[in-house]
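Residue numbers (this note's numbering), protein chains in the order written: chain A, 1 to 300; chain B, 301 to 478.
Treat the hints as calculated values from the structure; they're not laboratory data. Where hints are given, some of them may not hold.
[To be verified] Covered stretches of chain B, as calculated for chain A (at least 3 residues, CB under 8 angstroms):
{"id": "1", "segment": "341–347"}
{"id": "2", "segment": "459–473"}
[What the hints assert, rightly or not] Each pair of labels, with its calculated beta carbon distance range:
{"id": "3", "chain 1": "A", "residue 1": "Phe-64", "chain 2": "B", "residue 2": "Arg-364", "range": "24 to 32 angstroms"}
{"id": "4", "chain 1": "A", "residue 1": "Arg-201", "chain 2": "B", "residue 2": "Asp-464", "range": "34 to 42 angstroms"}
{"id": "5", "chain 1": "B", "residue 1": "Ser-340", "chain 2": "A", "residue 2": "Glu-29", "range": "39 to 47 angstroms"}
{"id": "6", "chain 1": "B", "residue 1": "Ala-405", "chain 2": "A", "residue 2": "Glu-85", "range": "14 to 22 angstroms"}
{"id": "7", "chain 1": "A", "residue 1": "Glu-272", "chain 2": "B", "residue 2": "Ser-340", "range": "25 to 33 angstroms"}
{"id": "8", "chain 1": "A", "residue 1": "Pro-66", "chain 2": "B", "residue 2": "Asp-304", "range": "29 to 37 angstroms"}
{"id": "9", "chain 1": "B", "residue 1": "Glu-358", "chain 2": "A", "residue 2": "Ala-82", "range": "46 to 54 angstroms"}
It should be emphasised that the depicted structure is a prediction, and the values quoted were computed from it without experimental measurement. Note that CB positions come from ideal geometry on N, CA and C, so glycine has one too.
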Amino acid sequence: MSDSPATVRRARPLLGTLVEITAAGPDAESAVAQAFHAVEQVHGLMSYHDRASDISRLNREAAFQPVAVHAWTWQVLAAARAFSEASGGLFDITVAPTLTRLGYLPRHADFPRASGHADWRDIELLPQQQVRFTRPLRVDLGGIAKGFAVDKAIETLQAHGISAGRVNAGGDLRLFGPKAETVHVRHPHSPSLLLPLSELRNGAAATSAGYFAPKHVGGRQISPHIHPHTGQAVASGTSATVLAADCMTADALTKIVLADCPAALPVLERFEARAILLDRDPNTGAWRMLDSAHQEKHCA
Amino acid sequence: MRKDLIWLSVPALAAAALPAHAVQYFTLEQAQHALFPEASGFKDAKVLLTADQREAIEKASKVRVRGVELNAWRVEAGGKVTGWFLVDEVYGKHEFITYAVALDATGAVRGIEIMDYRETHGGEVRNANWRAQFTGKRADAPLVLDQDIKNISGATLSCKHIADGVRRLLASYEAALK
């Protein structure tokens, strides 16, 4: 997209990162303002930190009684369930207690103590957008809501008649319009270096990696990505980028690829997505890249 | 049985790696008018913070005050003060951000816009000579790179630094503008 006078490009701090929105077309300024508004709305509904969000209400009350949520929150919870089912639980929004223990999420004194046995299957989606937990648990939509917010912003731009647009929320990117653009990813070992990964046109790309939030726990460097089956943090230094039609799918699938790459291949196929993984060869220490499009097909 | 995964080596790709990028979203005037479209004037109200004021700001915001200047404008509309326009900078590990904060007449945040965003090589942002290269070079900044670097996929810590900056500015308003 060229930065012609009809192109508007703005950035604001939202969703715990910088959200950049670009739009070309008539009245792009007001379309961009509305798109930011959609992102703010998602932020307000799905923030783990904000005590008034749908997510905080669920974490406080849903173990005791059904809680009604906004249609968007419902949509994301339903999508999260689909990703959990498709991946045999490799994607799981109930890992919040582990993230709290490791210091990635704040402690909320009024949230009930979480059961050590709860997982995504304990979240019941009831009629009329109501949600109930069958075990005490805590959900965090950090692995999926950012992608959803990007999708909502894109939909807003399209509804305003924008001809070409792009939304980038620190690692979650979606664009539409006539031109293809190159997606870059930070080198996991040297985040100031950018590697060109792939061309993208009318689609989304999301990257998850531990390089900006590493911590040392028990002598091991870890990242804020928890393997749902082991409760262990996935080692930092690996970066997973997923290309998909929408950003919520791309965002969620990065978590599955980071948790278990071979198991993620059929899931990627099912959601018509492609993953590019960067990590270090455990034997030689050399940096290497895996492209799911270059693997043998795994028929379901 | 599961087939072995096919991996490619990265060094060949790393050769194409590019170092940094920069974007200007708003000039000063553009940011003023975007945040206060109704304004009839912006009166320079820059403050040189005293040691006492800096101490009060640090105590109230829990954020270190590095600069002595508070870049503030009093915003007027319809013959009255309608709010305050503040410009500030924050440095992260990999980024250098200039942003504007609009406060209403009561001192509440009305909007935040990023004005400039610059990516850096890790350590350079702390180096005074490196930072000096930006002085007076807003419009023709040498770090504006080609088109296709824009789509950087990868999270940053920018937001926390801006949140801290806004807290510091709100305390500065209380200590020096109110």
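How the hints compare with the structure:
1. 341–347: Since 0 is below three, the answer is violated.
2. 459–473: holds (count 4)
3. A:Phe-64 - B:Arg-364: 24 to 32 angstroms: violated (43 angstroms)
4. A:Arg-201 - B:Asp-464: 34 to 42 angstroms: Roughly 38 angstroms apart at Cβ, these two residues keep to the hinted range, so it holds.
5. B:Ser-340 - A:Glu-29: 39 to 47 angstroms: violated (21 angstroms)
6. B:Ala-405 - A:Glu-85: 14 to 22 angstroms: violated (53 angstroms)
7. A:Glu-272 - B:Ser-340: 25 to 33 angstroms: Given range 25 to 33 angstroms: violated, Cβ gap about 54 angstroms.
8. A:Pro-66 - B:Asp-304: 29 to 37 angstroms: Roughly 48 angstroms apart at Cβ, these two residues miss the hinted range, so it is violated.
9. B:Glu-358 - A:Ala-82: 46 to 54 angstroms: Holds, since Glu-358 of chain B and Ala-82 of chain A (Cβ atoms, about 48 angstroms apart) stay within the stated range.
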